[in-house]
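Trainee: Got two chains here, each in a separate frame; can you build the complex from them with the hints?
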Amino acid sequence: MNPFDYSAEQLEKEANALRRTVIKMIVGAGSGHPAGALGMADIVSVLYFKILNHNPTDPKKEDRDRVILSNGHVCPLLYAALASAGYFPKEELAGFRKLGNKLQGHPSRADFDLIEASSGSLGHGLSVACGMALAAQQEQQTHKIWCLMSDAEHQEGSLWEAAMFAAKYKLKNLKVIVDVNNIQLSGDVDQVMPLDLLKERYENFGWQVAEVDGHNIEGLLTKIEQANNFTNGPFVVLAKTISGKGVSFMEGKWQWHGKAPTAEESRKALEELS
Amino acid sequence: MTEQNTQPVKATREGFGAAVAELAKNDRKIIVLSADLSPSLKVDNIRINLSGQFIECGVAEQNMIGVAAGLALSGKIPIATSFAEFLTGRAWEQIRLDVCYNNVNVKLAGSHAGLATGEDGATHQILEDVALMRSLPNMTIFSPCDFNEAYKVTVEAMKIKGPVYIRLTRPKTLIITPNGGPFVVGKMSVIKEGRGVIVLGTGPVLSEAVKAVNGLEEKQEEIGIYSVHTIKPLDKEKIVELAKGAKAIITIEDHQLIGGLGSAVAEVLADNGISAPLRRLGVDDSFGESGTYLELWKKHGLDSASVQATIKEFLI
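Order-wise, the sequence lines are chains A and B.
If you count the first sequence from 1, position 121 lands on 128 in the working numbering, and the numbers rise without skipping.
If you count the second sequence from 1, position 276 lands on 277 in the working numbering, and the numbers rise without skipping.
Next comes chain B alone, as it looks inside the complex (with noise of 0.2 Å):
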């Protein structure tokens, strides 16, 4: 396994803004647009040092997106920002029709995503946006565990031609992933090998099953974790081969269990006949609350105490 940092110093959302920032410098035609949320998307820097590559758009996400749209039909590469409530939430009919029917060259970044926002509460605390993002054609969905997957799945997500979703979040987490090192969209990246109880998770939220499998006493060899930094397309070759013949799959997100990860693979597992138990992590068809994200992943079974209990269950 990686290194581990045991104590948070990045978030996502500053992953992301980092690989902006070099990213536009390069290529002009990049266009980041704000929501009046700048400085919480770690864009506030391309709005000082190339303002000829930053347009503000207000409190007004729906145009936003169309004026997005209408920058890629128009040869430009935006990537529109805001908190990931008001962006997949708000401005969901615009990212169907205007982004993805349209087929456009458009980056939605959404961060404080999920539980993970914290003391401001459930309107905040979107754990809704995989589930409206996936269901659209088109859409590629990234969702970074920690600060080195976000900088790279920005990177990669302006090579790609058209929509995609990038799932960001608040608070300062682990670092569970090396910085540089082999990545590939739509392929899941190893946390750590291990055959038996495999554990696939998504966002931050996974740090918790790293630390719940540091934490075992025995048997950590037969446990694999994977980083589901990929939701659509998602690396359905990979979690097959994987399930076949392992104790269970666990997945893990900060999001509802509706729609999710776990969602997704349930399908993956069924539509290929596979029967390994399945236990899916997630927040069970609840709205969110203040409080600290540690506490309220803790609430829904979703920190590293909880984690480990159900892998415990399986490693016997």
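Next up, chain A with everything else stripped away, as it sits in the complex (with noise of 0.2 Å):
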């Protein structure tokens, strides 16, 4: 059960306070990875607000979904909405990637319990997440694994054994969704390892398939519930989204993956994100 059941608006709004909060992280940091944590900010709203289940006051429950970011440079985006969901006090995101703090540049287990797998190097969450959710299906029990990806790791090719894996055990826990912004470190995805056809790729691995503008509100609640649903093998979303959204000089442009702005381009971006 979700705690939150925000209203389509109520997500929209958290989504933005979310992006004005990575911003302010990632800039008290002076680096970090804005560009995806903006795109995801619908997606991760939607999930944390509405979709998982979850309670900040039980962090630890037993059938709670878990949540594994595989895409970790994504993380100021995590831990913004954990604090909105009052898993920690908000105060503390001002330790974002300092010295000796939970929240580490990457998501790390180590340091912050509340990380269900570390992550940060590409193409390692879909396994682990596939091992939660054999261990759930073995176990009959009815929380879902949620690994979000982005779409550039999938050039990475242990994913793909996973991707295999996932079908050949009808993993039915297990619920993917996939960033696709069409950027990475060096430019544009189709530039540096073109991923066309995501869509096919997966559904001849034997997935179940949905895509949705992933800044539609919408229209994520219709196919993340779908996702929800289905009980008959692994399930990937698809969510295209434009990198940086929200901040119109850093919207689709792979040269902001992973720099800070500086003071004056982020009240730009705080004051077009109010």
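Everything labelled a hint here was simulated from the structure, so no lab data went into it.
Take the hints with a grain of salt, since some may be wrong.
[Stated by the list, open to error] Here are the computed distance ranges between Cβ atoms for each label pair:
1. A:T64 - B:S136: 36 to 46 Å
2. A:K175 - B:G197: 50 to 60 Å
3. A:A270 - B:V241: 51 to 61 Å
4. B:S136 - A:K67: 24 to 34 Å
5. A:N9 - B:K173: 51 to 61 Å
6. A:G240 - B:R48: 17 to 27 Å
7. B:V156 - A:K260: 54 to 64 Å
8. B:V156 - A:P63: 38 to 48 Å
[Said to hold, decoys possible] With a straight-line cut-off of 35 Å between C-alpha atoms, the simulated DSBU-like cross-links for lysine-lysine are:
9. A:K68 - B:K160
10. A:K179 - B:K162
11. B:K160 - A:K179
12. A:K177 - B:K160
13. A:K175 - B:K237
14. A:K266 - A:K31
15. A:K109 - B:K233
16. B:K162 - A:K177
17. A:K67 - A:K266
18. A:K68 - B:K162
19. B:K26 - A:K109
20. B:K220 - A:K109
21. A:K67 - B:K233
22. B:K26 - A:K67
23. B:K162 - A:K105
24. B:K160 - A:K109
[To be verified] Negatives, chain B to chain A, calculated, CB over 12 Å:
25. Q63
26. R91
27. D99
28. H125
29. L295
In this text, a Cβ means the ideal position worked out from N, Cα and C, and glycines have one as well.
Mentor: Spelled out as structure tokens, the structure:
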């Protein structure tokens, strides 16, 4: 059960608030990855404030849905959502990327026990999520494993090993959302290493696939709910997004994959996001 | 010294398989993961008799390690099995991040380690796995010298809550340790007491040192032989104690000299300011090749005659 159960309007507002928090965190740290985090804000808002079975007052409850952030570099968004949901005080977000802090530059289970699995090296998350989904299936548990991934990390070969595995074992607790934003560190995805036909690739691997506009709250609600209710194997939602969404000078630009805005740029960004 | 078999009888991988069969029967949390090598790892009995505790991952070791980490994060006790080359080599980064950084209860069993793999040649004879695993935080490393020790380390591995690597070997080799008897994780096992020349070995190649000493006509009593079944954490205390006043320390391993047991022992001696002569026997910065394992051990100075010659240098 989701304790927030926000309306579409509230979810949109929440997403924007998360974006503002992300900008402040990255500026505060002086480094980080704004583009993907801004782009996935609507998805994360819909998950944490409508879909996920979780409870900030009982963070380790047995039947909680697990979230694996395979594209770990967008973690300020995850930290912002956890703080906004009440898992820890928002003031602590200022510790992002600072020495000795639980909010590491990439999610670290060793430093922060709310992280279900450490991530940061691309292509790992799906395999770990498969293991969790397999365990849940073996024990006939109903919680879901939500694995969030980027499009570019599909260039990692081991991810496709995991895709085969999930299909073979019909991992019905496994739900994947891919942030299809067509950017990566050094260029556009279709220039660096094209990943077209992602839908067909997953279908050919034996997955159920849905496509959605990753900024359309109603559409996200429908498709993610559909994924949530699917019980005949792994389900992937391919969410087409605009990287840097909400900040005009960042939108669609790969150059903002891993760069912190200056004070002036962040002032402009926060203005646009208000 | 323990009563010896003079003929090779059983492989360390068989000791592992026998232990897993017993352990899995009594603990349904144990899940054996295979990367298409369950017959080689001697865990086919799990596939056949405990199919609910067996997961075939196909020839996809990187995913297998991630899956193992996910299972462990969900309370299972996964044992990921493959050849040591594909496990510790190909999936090293998954082992580092998913297993060791998460510090989860995953057991890794890698067989066909070392020149002992024999005829399959260099691609399958990993000589770097100990170096690769030794550098990882949270990792425990076992390298048993015979069937009996392999059985014991497997039992002990399941009692440890955290990452463990078990280094296993292909051929049937001599039994040089007792079935049962004392065994302590992190404490070297005495194969033969003796003060003078101290032989510290790991894996079945240690049997060549035993043969070497048995073949000596005199001064056998001056030689001590120890099985370093736990390479990490290393029995530093005992190594320091033995090294003080020793004529020499000889290490023997079926692994690269760089980064293996010999390196680890050298670090202990250097860190403690002990200047006892150290002779490291192992593979000197080269790849293996096809041949019988005994031919290969001989070529690399790891056979009993070579070991005996080395011991004699220091007995004078």
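Trainee: Could you run down the list of hints and mark each one as holding or not?
Mentor: Okay, the hints, checked on the actual structure:
no.	hint	verdict
1	A:T64 - B:S136: 36 to 46 Å	holds, 41 Å
2	A:K175 - B:G197: 50 to 60 Å	holds, 58 Å
3	A:A270 - B:V241: 51 to 61 Å	holds, 56 Å
4	B:S136 - A:K67: 24 to 34 Å	holds, 32 Å
5	A:N9 - B:K173: 51 to 61 Å	holds, 59 Å
6	A:G240 - B:R48: 17 to 27 Å	holds, 23 Å
7	B:V156 - A:K260: 54 to 64 Å	holds, 57 Å
8	B:V156 - A:P63: 38 to 48 Å	holds, 42 Å
9	A:K68 - B:K160	holds, 26 Å
10	A:K179 - B:K162	holds, 29 Å
11	B:K160 - A:K179	holds, 32 Å
12	A:K177 - B:K160	holds, 32 Å
13	A:K175 - B:K237	violated, 47 Å
14	A:K266 - A:K31	holds, 13 Å
15	A:K109 - B:K233	holds, 28 Å
16	B:K162 - A:K177	holds, 30 Å
17	A:K67 - A:K266	holds, 34 Å
18	A:K68 - B:K162	holds, 22 Å
19	B:K26 - A:K109	violated, 40 Å
20	B:K220 - A:K109	violated, 60 Å
21	A:K67 - B:K233	holds, 33 Å
22	B:K26 - A:K67	holds, 30 Å
23	B:K162 - A:K105	holds, 30 Å
24	B:K160 - A:K109	holds, 30 Å
25	Q63	violated, 4 Å
26	R91	violated, 10 Å
27	D99	violated, 6 Å
28	H125	holds, 21 Å
29	L295	holds, 37 Å
In summary, the numbered hints that this structure violates are 13, 19, 20, 25, 26 and 27.
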